[in-house]
Amino acid sequence: MRIASVFLVLILVLGIRAFLEYQNRQDLKDGEEVNFVTQIKSQPKISGSRQIVSANLDLNRILIITSPHPEFNYQDRIRVSGKLKVGVLNKNEIFILSFPKIQKIEDENSIFKFISVLRQKLIYLFERTLPSDYSSLLLGIAFGIRRNMSSEFLDNLRIAGVLHVIAASGMNITLFGGFIGGVFSFFLKRQIALFLTVSGVLFYAVLSGFEASIVRATIMGILALSAQILGRQRLSFYALMVAGYLMIFINPLTIFDIGFQLSFAATFGLLSIRPFFFFSDTIKKALNITLIGEDLIITLSAQAATLPILIANFGTYSIWSVFVNALVLWTVPILMVIGAVGGSLGIFWELAGKAVILLAFPLIFYFDKIVSLFSDLGGSLEIEDFPWQFAAGYYLILVSLVLKFKNKL
Amino acid sequence: MKKTVLIFSFLILFFGGFAVFENAKYNDGKLHVIFCNVGQGNGVFIRTPGRKNFLIDAGPDDKIIKCLERHMPFWDKTISAAFLTHPHLDHFAGLNFVIKRYSLLSFVTEDLSNKSVSFQALMDNIRSRNLKIIYVFSGDSFKLKDGTSLLILGPSYEYLDKTSPGRNIQESGEFGSLIVLLRFGSFSVLFTGDSQTEGLVQALGTEAGETDVLEVPHHGSKTGLNDKILSSLEPKLAVISAGKKNRYGHPSPFTLSLLKNFHIKTLRTDLSGDIEVVSDGESFGIKPN
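Taken in order, these protein sequences are the chains called L and P. Here the numbering used here is used: position 317 in the first sequence is 326, and no number is missing along the way. Here the numbering used here is used: position 206 in the second sequence is 213, and no number is missing along the way.
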């Protein structure tokens, strides 16, 4: 009873917070002069003589059309001023700024400046080592850094249902941490392993650019890892809830951020679904023998918990999706390690870094071939509207299954 | 730990196999000329028997990168020289992407500028990377140890002076364009950029020899070729680089029927995609995609 009332109060407070946020929202009109600062939310697309940048002004998405030079990048902070125009994109009304004044805001803070230089160096290293689509894929998988891909390659990833490997930066952190945590705790005492894993994840977050979604994912990832290594599931579970609550409280719009949804759900999956695989001793033994069993389980747990989010956001569901994922997902943790190690090494010693990154080539080649094979097969369903009732139902069933079997562990 | 070692041994093994395969595929001691399918624009990649890479124009966008990746081994990231036939967007814009991903050693072009923002941005980009910039006129040539040579046939200093006195061109209007002859043994290819008949006739001069492959000038526009040029060059193959359903209507029916009248086999990038011509210095063949 007491828990229920605390819960109720918390929800109420959150509701008030969200209402205030909504009240302060700004309405935009056609022809309005705007002047705002924003951070670029996805990699701008360059086609011919135009560069298209997607930006947010409060709750409104704004499409900025500008010349291809200077080139802007994902996560750049820009000041934009110009006159809004209403246009239509995919049957939806959208605000367009055509050739506005854009000024890039350089980070004043020397730490952020340093990180941004580090990031540029990292991107340069990868793009000089691998073919364009492959470097974009590896940068996405390993660091959540989004770069331009050819539309053909991007379509293949989408149709085969594996695009989430580059979009889910939160899941990346959890997977990366899970992997190095596993390696460390194999050799070292729990506490030392935890310390090293957390440091590894933090360094990774630095390389990924310390963007808000990555920071959130890092916090949640560290929670999940601590639980995994220390063996305290329940504590981490509460911590995850508190962290999620605070993040939404600070900025209610966070809840619509796909990065937040994915990291929250993936962490939830790791905390609550993963333990079931260790239920029986036979499975445990089997996992120890197989090459990629542990990685597969981490991936599967995260997948099961994020499935509706992935379908709702990436719009396409291939009947081969589960099969393709099973075929390629085992490469993701390995690619992540190759990318993370090669990237970190290459910052200090370019040649060695390149050598490590080149090792990813056969894996991405395999990834690419499987994905293009299955996307050519067809059998994909375009889901334009994914009803929220399905997602709600899915999570209700998932949570009740978890609760039901938890007592049996 | 055993597992990690096993995975990495697999990777190294696979990697080695792949490298051997690509080495055999791309380093065959022959000359490869690829007319890249860059959409509406021009972009040609040349890989010489001695494994040197050259580029003549780079198309309007990053499509050129995919073409390079399809025709170079994955570890090779050096391009000896990029030739720019003239400063128009559909020929130079792709260079921005090439410079980013490859080590380009020198940039070769005619002494002609375009005041457009994009061309100035490219030149700034090139200067900031300390690339060697070489301005060429007719008569200049580049000779390689493997027997390949690139000769500049046009434009001449006088021709440029006459057609573009301020050494500037606008986005429209095609006058001086580099005309480059590639030779390997008895095999030759003539690259014409966006030349017009007048410039081409002047560049070929009186001693125009036969050429095996002709890149049809200006994406097959009706002002690029005439029967005089064709009868003196007698090409066995003509290649047109144009985009699907482009707004200029390239290639023109006039040029196509002219080529047909001369019984010249004609290939188009908008219909065939990348067009790869391979030669051992005597004969040549078209490699299917």
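Any given hint could turn out to be false.
[Said to hold, decoys possible] In silico EDC-like cross-links for lysine to aspartate or glutamate, where the CA-CA straight-line distance does not exceed 20 Å:
no.	chain 1	residue 1	chain 2	residue 2
1	P	107	L	136
2	P	73	L	164
3	L	363	P	29
4	L	363	P	281
5	P	73	P	83
6	P	73	L	136
7	P	70	L	164
8	L	363	L	290
9	L	415	L	266
10	P	251	L	80
11	P	32	P	205
[As the list claims (entries may be wrong)] If the Cβ cut is set under 10 Å, some of the chain P residues that face chain L in the computed set are:
no.	residue
12	103
13	132
14	142
15	144
16	237
Derived from the structure by calculation, the hints contain no laboratory data. Glycine included, every Cβ here is placed at the ideal spot set by N, Cα and C.
**Asked** Which numbered hints are broken by the structure, listed smallest first?
**Response** Hints 4, 8, 9, 10, 11, 14, 15 and 16 are the ones this structure does not satisfy, whereas the remaining hints hold.
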